[in-house]
Every structure is written in C-alpha cells, then in structure tokens.
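Participant: Make a model of the complete structure from these sequences and hints.
2 protein chains.
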Amino acid sequence: MSHESQIKVNFDNEPYRNEEFVVNYKAPFNAEPRPERLVQSFITPIEHFYVRNHAPVPVINPDTYMLKIDGLVENPVLLSLNDIKTKFEKITITAHLQCAGNRRTMMSEHKKVKGVGWGIASLSNGTWSGCRLRDVLMYARAMPFESGAHHACFWGLDFGCPEDNGKSYGSSITMEKALDPTGDVLLVYEMNGQTLPRDHGFPLRVVAPGIIGARSVKWLDKITVSSTESESFFQRRDYKIFHNGIDWDNVEKNWDNHPSLQELSVQSAICVPAPNSRLFLPFTLYGYATAGGGRKIERVDISLDGGQTWDLAELMGENKGPCSRYWAWTLFRYTIKSIDSKVAKKINIVCRAWDSASNTQPKFVGDIWNLRGVMNNCWHNVEVTVDPLCSKF
Amino acid sequence: MSHESQIKVNFDNEPYRNEEFVVNYKAPFNAEPRPERLVQSFITPIEHFYVRNHAPVPVINPDTYMLKIDGLVENPVLLSLNDIKTKFEKITITAHLQCAGNRRTMMSEHKKVKGVGWGIASLSNGTWSGCRLRDVLMYARAMPFESGAHHACFWGLDFGCPEDNGKSYGSSITMEKALDPTGDVLLVYEMNGQTLPRDHGFPLRVVAPGIIGARSVKWLDKITVSSTESESFFQRRDYKIFHNGIDWDNVEKNWDNHPSLQELSVQSAICVPAPNSRLFLPFTLYGYATAGGGRKIERVDISLDGGQTWDLAELMGENKGPCSRYWAWTLFRYTIKSIDSKVAKKINIVCRAWDSASNTQPKFVGDIWNLRGVMNNCWHNVEVTVDPLCSKF
Numbered sequence: 087m088s089h090e091s092q093i094k095v096n097f098d099n100e101p102y103r104n105e106e107f108v109v110n111y112k113a114p115f116n117a118e119p120r121p122e123r124l125v126q127s128f129i130t131p132i133e134h135f136y137v138r139n140h141a142p143v144p145v146i147n148p149d150t151y152m153l154k155i156d157g158l159v160e161n162p163v164l165l166s167l168n169d170i171k172t173k174f175e176k177i178t179i180t181a182h183l184q185c186a187g188n189r190r191t192m193m194s195e196h197k198k199v200k201g202v203g204w205g206i207a208s209l210s211n212g213t214w215s216g217c218r219l220r221d222v223l224m225y226a227r228a229m230p231f232e233s234g235a236h237h238a239c240f241w242g243l244d245f246g247c248p249e250d251n252g253k254s255y256g257s258s259i260t261m262e263k264a265l266d267p268t269g270d271v272l273l274v275y276e277m278n279g280q281t282l283p284r285d286h287g288f289p290l291r292v293v294a295p296g297i298i299g300a301r302s303v304k305w306l307d308k309i310t311v312s313s314t315e316s317e318s319f320f321q322r323r324d325y326k327i328f329h330n331g332i333d334w335d336n337v338e339k340n341w342d343n344h345p346s347l348q349e350l351s352v353q354s355a356i357c358v359p360a361p362n363s364r365l366f367l368p369f370t371l372y373g374y375a376t377a378g379g380g381r382k383i384e385r386v387d388i389s390l391d392g393g394q395t396w397d398l399a400e401l402m403g404e405n406k407g408p409c410s411r412y413w414a415w416t417l418f419r420y421t422i423k424s425i426d427s428k429v430a431k432k433i434n435i436v437c438r439a440w441d442s443a444s445n446t447q448p449k450f451v452g453d454i455w456n457l458r459g460v461m462n463n464c465w466h467n468v469e470v471t472v473d474p475l476c477s478k479f
Numbered sequence: 087m088s089h090e091s092q093i094k095v096n097f098d099n100e101p102y103r104n105e106e107f108v109v110n111y112k113a114p115f116n117a118e119p120r121p122e123r124l125v126q127s128f129i130t131p132i133e134h135f136y137v138r139n140h141a142p143v144p145v146i147n148p149d150t151y152m153l154k155i156d157g158l159v160e161n162p163v164l165l166s167l168n169d170i171k172t173k174f175e176k177i178t179i180t181a182h183l184q185c186a187g188n189r190r191t192m193m194s195e196h197k198k199v200k201g202v203g204w205g206i207a208s209l210s211n212g213t214w215s216g217c218r219l220r221d222v223l224m225y226a227r228a229m230p231f232e233s234g235a236h237h238a239c240f241w242g243l244d245f246g247c248p249e250d251n252g253k254s255y256g257s258s259i260t261m262e263k264a265l266d267p268t269g270d271v272l273l274v275y276e277m278n279g280q281t282l283p284r285d286h287g288f289p290l291r292v293v294a295p296g297i298i299g300a301r302s303v304k305w306l307d308k309i310t311v312s313s314t315e316s317e318s319f320f321q322r323r324d325y326k327i328f329h330n331g332i333d334w335d336n337v338e339k340n341w342d343n344h345p346s347l348q349e350l351s352v353q354s355a356i357c358v359p360a361p362n363s364r365l366f367l368p369f370t371l372y373g374y375a376t377a378g379g380g381r382k383i384e385r386v387d388i389s390l391d392g393g394q395t396w397d398l399a400e401l402m403g404e405n406k407g408p409c410s411r412y413w414a415w416t417l418f419r420y421t422i423k424s425i426d427s428k429v430a431k432k433i434n435i436v437c438r439a440w441d442s443a444s445n446t447q448p449k450f451v452g453d454i455w456n457l458r459g460v461m462n463n464c465w466h467n468v469e470v471t472v473d474p475l476c477s478k479f
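Protein chains in written order, with our numbering: chain A, 87 to 479; chain B, 87 to 479.
Do not take every clue at face value.
For identical chains, the list gives no copy identity; a pair is met inside one copy or between any two copies.
Cut-off 27 Å, straight-line C-alpha distance, at most; resulting in silico cross-link-like pairs (DSS-like, lysine-lysine) [what the hints assert, rightly or not]: (1) Lys253 / Lys428; (2) Lys200 / Lys94; (3) Lys339 / Lys406; (4) Lys198 / Lys112.
Treat the hints as calculated values from the structure; they're not laboratory data.
Facilitator: Here it is, written out as structure tokens:
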C-alpha cells in the first residue's frame, strides 16, 4: 500500500460490514472472520465470508451494466446482466475461495514480509450461481488455442487500486482452465442463493475454483482473450512465490522469470480451540482443509505432541465420488479423550492435510518463507493447556 | 514377498537385462539404473529404464494375443494386436513412469518398512506409442458414469505374483482419468520408437501418465469396467499411504478406509554427484524433478547449506506452454562456482521441487514415514566434500 498517499481514492460508498470481522486493512477493506465462524457451517454465511478488496467498492447500476468481451475472439460482444442471466445456462457450484496471503501474519512473525496481514481465516466456502465462462467465451467465438488464445484476462470496475497507480484490479487465468468443461469457472451473480453482495463483486464476478482467490476478479468490467497473461500489476508484480534468497534488493530481475500463482497448494488449519486455550476433556477440535485444482482432501492428520505421532481426523466434506472437482473445502474434527498426564499440561496440537496426489504441507514456515508472504501452508500448530482433572461432564 | 516359498513360479524365460542395473530383487526382477544414467538424456534408453515386475515375465505370442474388454460395457469385445494397431488412432506421448516405492530404501534407513528396496532411480522417462484407452472404451461402448461405470480395472498375464497367491497382477484407475480426452492414458505397443520390450509389457501395456507406475499394468490381458476398484491385492492391500501411527499390528482395519494411491506427488533428486564424492570447482550437479497429474515443475531450489538458503536450478524440461499435460520429467542442473572456504569442506547439497500448484517436498523423511514405504518425496540431500584448492582447469 506504499503508493496510497499519492492516489486520491474515495471510500465514501462502502457497504455495511459485520462488526465482528477482524479488519486487517480498513481502506481498501480487508477482513477475515473469527476462525471459529468458519467451522460452524459447511457454507460460510455471507456476513462472515472474508473480504479482500484492492480499491473502493464501485457503485454499479445493474440496469446499465455491460460486460465487454474482446481480444482474440471472432465476435466481440457487450452483454447486459439480463443477457448473462437469460442467454446462458445457470450453473451452481460449491467452492471455497482462498487468498494466496492466507496465514501471512505467521510468515511475517518468522521474518517480516510485505502485504496485508492475514490470520488463518482469509478463506471461506460458498455456493456460486451464474453462467459458465466457457459458454460466454464460446458465444464470443474465442479463437483456437493454436492461434494464440492462451489467456483470459479480467478487468474489474474497482478503479483506484493504490498499489497500481489508481488503475482497476486485473488478473488472468489460462484459456485451458477457462474452457475446461470440468474446470467450472463461472461468471457469478448469486452467492449462497442471494444476489451477489457489493463486497463480493456485484453485479458480476469471476469465480475460478481451485486457484488462488486473486484470479476471481470482482465487479467484472471486461474479458480480453490474449496471447499473454494480464498486464496488470497484480499478475506481473504480485502473487508470485520465491525462495528465501530473493529479497527486495534483487526481486526486480526475478518477477518475470517466476510464474504467476494459479492452483492452490494443500492447506489446513485448526480453528477451534484458539491458541492458549485451557481445555477440559473430552474436547473436540475443528478445522478446515483445502486443496487446489479440484483435488480431494484424502486425509487430515492430527498430532498432540508437536508432530511426533499422528492420528486421523474425521472428515466432513462433500462426497463427490471418484472425481477431480472437489472445489469445496473439507472441514474436520478430532476428539481428544485423554492425555498422558494427571496434571494440567501444555500440548502442541498440529494438523496437516494430504490431497489425492499425496501432497502434504511443509513442516516449518521458515522453509517456505518468501518476501511476499504467499502460499503459507506449513503445518498449523495450536498450543493449549489440557486440564485432565476437570471434565465438562 | 512373504508368500513366495509357497508359490511355484518359473523364472526360466526371463529376458536379457543390462548387467549394469542395480538389482533390488532378482525374481521377480526389480532393478533400477545407476542414478547418473537418468540425467544423461531426456529420454531414458530402454536398456537403462527401471524394471518393476511382480511375477515372471510371461511368454506371449503376439499373433494369437487377444485383449478382452468386459464389465459395464454394452459391447464386450476381444481385440487382436492388429485390431489395436489398425482400428484406433496411433498416439505418441512422452511420459515418465515412477514407482510409488521410489526412494524407499532411504525411508527404511529411518525406520524399517516392508517392500522392495529402491534407491533414487525407480523412475524413467520414455516415449510411448499406442492407442487411447478412451477410444477403446468408447468402441466397447462403456456405460455412462451415472450407471456405475467408475473404474477401469486392468489384469495382466503375469501369473505367479508371490504376494497374491500366484494370481496375475491387477490394478485400476478411475473412469474419469480413463476417459479424459486430456488424460492421455494409452494402450502401448511401442516404447521409445521400438516394439515394446518383454520386460515392459510386450505386446501391450497400459501407460497412465501422471499417476503411480503401479497402475500402468503390463502384459495386459483384460480391461473390466466396474463400479468398484480392482479387487486385486495390489489395489486393496498395497500401494496406500498411512501416517506413522499405523503399523503391522493395526493396519488390517485401516486398509479399507485409506484410498489407493493414484496421482504422484512432487518429487526431485540429485543424480550427480553421488554421495560422498569429492568435487573440484566449478562443478555442475544434475537431477530430476517430477510432479503428478500433468502438473508442471515450476521451480527446483538448490541449497548448499543443508536447506538454510536457496538458489534456482536451471530446468531442462519440455516447454508445452500453459497446459496441464506435463507427463514428462524435468531434468535440472546447477553449477557450484565457489564456496566460502579455502580448505576442503563437507557440504550438504539439497534439492526440492515446486509444482504448478505450489506444492513442494517435505523436509524430513521421518515426517512422512509409512509402513509400506511409499511416496517418499522428502528433500534429497547429498553430502560431498568440496575442494576449492583444486580446479578442473
């Protein structure tokens, strides 16, 4: 947000927000729910759904709103909201969105990184209704891949991004993802069965499941089919992961030779209990696990001794059968019945998830530290005190 | 191999093998190349391609060979080798195959596991020609997914598997993978441009890229479309990954609630130099990196200090553009130009790879230890002595 002071932006028309939110940045608004809210329902209620804005929320008249589609398409078109709702099949998916900066604060505690601080709750799970991006791109007659149509670039109407000299937010995904019949990228006008709220992109947003939230552009203004990725700052100079040898002195020559983040890595965190709680047994802990690319969470391991020994958590996810479209998160729980101590004892509870490709989370945050603080998916630890003498019953 | 003594199996008709192979088990034959052979070419020559057999190599007459397709298909068929070659389009892909037991010996050194010991070379990269499994399944009119056609089960002609009471080898993949137009599962009759050799499944084998080698059944006898996974021992009682709390005392009740391994996790290893070498600078190290599910290797990090600080290796892979069909491996190299010492010094070289979903390798083998010793993809370390006083030039 270093350029903020130079950009005149108007935050007078922001929507109402839940006062319970943990606000990580006020303007632009960036907030996450209290972690326990995440595990209270499979679908996160809108009032608790995390918000990651890069600029003021635009005021858009849905009656005059037009989506533009141009670039490498044979039929550049303007589509009204009514066109979107009536010309194309309505699809509903359940998918989680997750910021690439989820758990950044923990990374910054290890060694300072740049970016909005986030705890463990910059993700949420929702239902999304709209039309397939694929259908719209076919309506516009997107040119074949061989002719160079490699990227679907999205621009928002949220002008005034401080990080990008007041431009609106932009980003892109590959045409391979955009056109994949099983990729489920939608242009969304309803969230959890309601009209898409202003904070989440009213009247129309992209939801690109399985990849970092930064690609699901809100307040969608334009889709440009292009041979190159989005020219936006947020595609080219942000949302990339480096090794720890790259710092602010040498990063400039490294932006272009590192890929922009797309698919999410495997992730999990314990939402209940909070760190430093005092637990009375039996106690049931709760958390979430997610994977990118539609991969299924196959297993969540719980350790009560800092990662020396493990046991299986109970998974509460969708059962979609042998299929690779697990866009939703998986919630998990695990009941601690007893501990090997007769007096109150501090224990280190750890969780780690495994996806259907046997990928799992790294152990230490230091090993994956990177200067933008993205993709922190290290083991999540919660230190608590267990009191075996007091029981809830 | 505990049942071996009870099964009468005849190993009199085994093919000729390269005497340079590191033989991990003689009969059934299990062998890997010397690691340096892997990095000498992008395509592994057949004489160095690792071999993982579960039984004697069957003697099959290609003129009378018939592939059977049955189960949930409307048109059960028998196809001759000539049918396979002439009725269906010939496709060639480049793909690596990797045993789920690759690097098992290292896991066993941490704590004993069961299974054939493998070093770092139970993988190889080849070109494979044949027809699409998808085309054959459509020819047999496989029933729709909704009618229960969820798994493609393969049986080999390699009768005499000691681990399964003399039955032939069997395994399955999901119909989703089998039918995916971009999944590239082939029925292969040529390897590296030559007739498929006997050790690799002559006259016909499955190559299911992106998933563990155990699913690419050799000497293919029959494909059964089924609502359930293969009933084979090798699908139900082998090739599964557990946490370290599961041992031989409690594993029996855990086989069924753990998924069979399918997609490979992200992996890498240093093939040159060998451990305990003495290096003269400059020295270029070489290795391989792989990912499952067609994901691209985006980055390989090299550390010369045991993982404290990292630098980028140079990648030598395929450039397939923005696409998710990176079935081949990626080779890498890194030149050590100098070290911070004027006398000979022991250093710990480490590599780790990152795939396009930002998944990376676990640090410690102990953290992913499992009783069958599968999916060991921890950081690969090579301890060497660097002598800065002697130069090659």
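Participant: From the Cα coordinates, with 27 Å as the cut-off, is the pair Lys200 and Lys94 best called within, between, both, or neither?
Facilitator: Only inside one copy: Lys200 and Lys94 sit 22 Å apart there, 66 Å across copies, limit 27 Å.
Participant: Check Lys198 against Lys112 for me: Cα-Cα at most 27 Å, and say if that holds within a copy, between copies, both or neither.
Facilitator: Close inside one copy (21 Å), not across copies (54 Å); limit 27 Å.
Participant: Is it within, between, both or neither when you check Lys339 against Lys406 at 27 Å Cα-Cα?
Facilitator: between (44 Å within a copy, 24 Å between copies)
Participant: Using 27 Å as the alpha carbon limit, work out where Lys253 and Lys428 are close: within a copy, between copies, both or neither.
Facilitator: Answer is neither: 61 Å inside a copy and 53 Å across each miss the 27 Å cutoff.
In terms of the numbered hints stated before, the structure departs from hint 1 and from no other.
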